[in-house]
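Participant: Modelling step: build the complete structure from the supplied sequences, incorporating the hints.
Chains as they are written, first to last, in our numbering: chain L, 1 to 221; chain D, 1 to 186.
Honestly, the hints are just simulated from the structure, not real lab data. Given the structure is predicted, the values throughout are model-derived calculations rather than measurements. Glycine included, C-beta positions come from ideal geometry on N, C-alpha and C. Check before you lean on any hint, since a few could be wrong.
[To be verified] With the Cβ distance kept under 8 Å, some of the chain D side facing chain L (calculated, not the full set):
1) 99
2) 104
3) 122
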Amino acid sequence: MSLITISSSQYKMWRKSSAIGAVAIVILMTGCASEGSSDLPITGSTTEFQGPILQGAVDYQSYESGEELARASRYAIVGKTLSAEGTWLQSKYEGDDPWLNPLAGTGREPSAQELALAATPITANSVEIIESLGSPFEAGDVVEVFTPGGNVDGVRYEFAGVTEFEVGAEYLFFIDGEDGTQLGVIAVSEGAFKKSDAGGYVNEQGHHLTLEEASRYLGNQ
Amino acid sequence: MIFLRRFRSVFSALAISVLLISGVGVVPAAAATYCSCGMPTATNSIYRPSYSAPWEAGLISAFSAWNGIGNSKGTVKISRTYNYSTQGNYMSVGTNVGSWYGRYYRTVEGGSHIQINTRTITNATTTSSRPTFARSTATHEIGHLLNLGDNPGGTANSSLMNHNRNRLIIYSPQSKDRTNVINHYF
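Facilitator: This is the structure:
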């Protein structure tokens, strides 16, 4: 966790030095905007969140059905969300493959400023595993599942199509992750299926899956 | 002009709602012609570090892909700057967590950040297809900087902004994308 999230005072100081003035500008912009305010990305405060709200977007492979999504996934977990916390996530630059590591062969290492700039706001969702579907985890393990955006340093980052998970609810997550420690959800939020009162699990697109179906389709392209 | 933009937004929202209610066609999640997340003008410079040779080639193509789109009132100009500014636009390329290929968001300082995920792009492609796929992703993200939203509709390959486009075929702005940019800015 500490390897990939930025929590150092150095980064926060760097970020705050520019953010304090910027937040003041943001407040002025939202407060003063009249005509033309639709051009501003900052939508201002809402009743749920007191602070600037910034918009974003994510490009990912979308799926037409739960079956299609499950077949494209390597493993899944059923788990209960325990908490959600916004933080900064740092990009990694490792290895000799110039496609995986865009600094390979350039003869340089990322500067502290470059690492700080490349960090992006994410939400770390703590999930207690109830059942593993082909994953390297076991029931009772607690893992962190990352989703783009969230509330970080007094600012809310909203990415179109990315939904927040309900803390305390049970989900079927189709997981993307190389080494079992950096977990994301397949197709951002499409791979998160919330337990339905009617049985099975449903994602935000209304696609429905039972555990039996998920197990059968998983990785079976 | 502002009235027309708002009319277009309202009309687009109504049209999408009608499609959803009537069940005509498949409108993906988060479908929108515009994102309200882009920059106020069509002339923008983006700061980015220098990267490995294969990435440099793809990013240069992405930067130039939107240039010249416009009409007699003006054209899109996307350029690279070598001077970083907190209020400016920034593009980074690196290994990241999550299944996404690229993402874009506005920063609290008033600029924007485009991020390209090398891990997912590498995993999704072969060596030969990777440059085109990467170019499609980077060009898509610059589309957000120009206020284009995800999934404006139509067939999968009718827009660079569709999530389910074939990234090996659709790697530059399509007719629909060019029209949407022109309607927004000019």
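Participant: For each hint, tell me whether it holds in the structure or not.
Facilitator: Tested hints:
Of the supplied interface hints, the one on residue 99 of chain D holds, with its beta-carbon coming within about 4 Å of a beta-carbon of chain L, less than 8 Å. Because the closest C-beta pair between residue 104 of chain D and chain L is about 5 Å apart, less than 8 Å, the hint holds. The interface hint given for residue 122 of chain D holds, since its Cβ lies 5 Å from the closest Cβ of chain L, which is under the 8 Å cut-off.
Figure legend: structure checked against the earlier numbered hints; every hint is met.
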